Amino acid sequence: MIVQKFFSFLLKHNAYLLLLLYCGIALLLIRFEQDDMLSKIRSGGTELQASINEKISSYGYLLNLRGENERLLKINAEMLSRTLRSETALRNEKARRALLADSTFDTSGYIIARVIDRKFSSRENMLLIDAGKDRGIRPDMTVLTPHGLVGRVVFVSRHYAGVMPVIHSDFKVSVMSDRSSALGILSWNGGAEHLAQIEHIPISSPLKKGELMLTTDFSTFAPSGIPVGRIVRIKPDKLFYDITVRLAVDFSTLTHVLVAPAKKDPEKIEMLESVLPQDKPAIINPVN
Amino acid sequence: MTKTLTLPIIILLAVTLLQVFGFSRLTLLGVSPDAVTVFLAFMSVFTGQRKGMTFGFAAGFLAGALSGNMGIVLLTRTIEGFTAGYCHVPENSHATMTQKSRMLYLGVVLASFTGNLVFSLAKNPLGEPLLYRVFVSGALACMMNLLLTIAIYRLFLRKTLSE
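Protein chains in written order, with numbering that gives the first Met the number 0: chain A, 0 to 287; chain Z, 0 to 162.
FYI, nobody ran anything at the bench for these hints, they're computed from the structure. Mixed in with the good hints, there may be bad ones.
Stated by the list, open to error - Facing chain A, from chain Z, some residues (calculated, C-beta under 7 Å):
| id | residue |
| --- | --- |
| 1 | Arg49 |
| 2 | Leu125 |
| 3 | Glu127 |
To be verified - From chain A, some residues computed to sit far from chain Z (all C-beta separations above 10 Å):
| id | residue |
| --- | --- |
| 4 | Ser57 |
| 5 | Tyr58 |
| 6 | Arg134 |
| 7 | Val231 |
| 8 | Leu238 |
From a predicted model like this one, the values you see are computed outputs, not experimental measurements. Each residue gets a CB set at the ideal place from its N, CA and C atoms; glycine is no exception.
Chain A on its own, in the form it takes in the complex:
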């Protein structure tokens, strides 16, 4: 009788039971998203998606080759001027000493990659680049252009990598002013694609509109000194400034990027992770 009742219950509510089963599987997949097996599936999916996207975008790329060449020449000129400026700075003893003191940043081996896909919607906000494990790309590497910081590598497949851009609500990076050295945390709270916000700069800091914000040594992934943006609005709040920054990189025209070598400082990350409570690891990762 009970068995009969059980089966009649199952038959009556089987749509709900099926829903429960599917939702249960989905929730398990969400819970074990970082699992090896799922990472492999994701990596394979990324590889497939990226290779198809690359083929699609290569047609447009061929059509715009002339404009692309002009743009690359412009980037070359900018990089040359940057190199010249860096060389001048290197002559300065203080700058040289500071650079040598930073043993965590290997300045050689920047990797040039092409942006082959960009999703900017309420469901996905990610860049895909055509460089992966094969070319030495690893998670947490910094992605930049001669103009400034683009984002951080978050997942890598054999030939491609996914980049979380600065304009992602989960992205945070430690920044400092080039003039006053005031330190804060840059994040993007949605809205305009070219504007971001800086928090935690006390109102006692001598900060002015137009100052350039650079990445700092505090970051666990980004080398210091990468331009992030310029202050366009500064408003004192109770304790801290409410700052808006115009980002150095124009994400709407981004086609090529550089990937900087990873910072070799696992000891620092380990120490940060051991100091903060184990149940809140998310605090460490985003505030980089």
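Once you've looked at the hints, dock chain Z against the given chain A.
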């Protein structure tokens, strides 16, 4: 059984790929039309809630593997298939074409809104306020999917359903 399922599975594969590589690029205020939702609503309305849900699960698996958010896409698609199933028109219902199309439109709107709601609660890559995501983006998603359904209905489905 195998014969009746082969065509929907092929269509599902094609629609999912079309969505990932085509429609997801057509964004308006961060929202893009969703051909997979339309297909799931169609399956749920005309073949039943369980089939719609199972197709949603399969579509979620495929699209999730491609986008990297497998768990959440799986959950969203399954719930989309389930909610659209409330507008199910049984095969022997003697419903008119107008009634069938109305149920399909209603199923698409329901699936779009709940799908958007589930995704909004789980993920917020653009950092938008929750209410904005649920209501403004939700309404926009419903509108876009409804327009897509009307276009698909007029182009392909009207003849198929009348048969």
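> Would you say tyrosine 58 of chain A is clear of chain Z, with no C-beta pair closer than or equal to 10 Å?
Replying inline: holds (13 Å)
>> Can you verify the interface hint for glutamate 127 of chain Z: is its Cβ closer than 7 Å to any Cβ in chain A?
In response: Interface hint status for glutamate 127 of chain Z: holds (5 Å vs cutoff 7 Å).
> Does serine 57 of chain A sit more than 10 Å from chain Z, CB to CB?
Replying inline: holds (14 Å)
>> arginine 49 of chain Z was flagged as interface toward chain A. Is the shortest Cβ-Cβ separation under 7 Å?
In response: The hint holds - arginine 49 of chain Z has a Cβ within 7 Å of chain A, the shortest such distance being about 5 Å.
> Does leucine 125 of chain Z meet its interface restraint, that is, does its C-beta lie within less than 7 Å of any C-beta in chain A?
Replying inline: Holds - the Cβ of leucine 125 of chain Z comes within 7 Å of chain A, reaching about 5 Å at its closest.
> Any Cβ of chain Z at or closer than 10 Å to arginine 134 of chain A, or is the non-interface label fine?
Replying inline: holds (20 Å)
> Against chain Z, does leucine 238 of chain A keep a CB gap of more than 10 Å to every residue?
Replying inline: holds (23 Å)
> Is the Cβ of valine 231 of chain A farther than 10 Å from every Cβ of chain Z?
Replying inline: Valine 231 of chain A clear of chain Z: closest Cβ-Cβ about 19 Å, beyond 10 Å.
In this structure, every one of the numbered hints holds.
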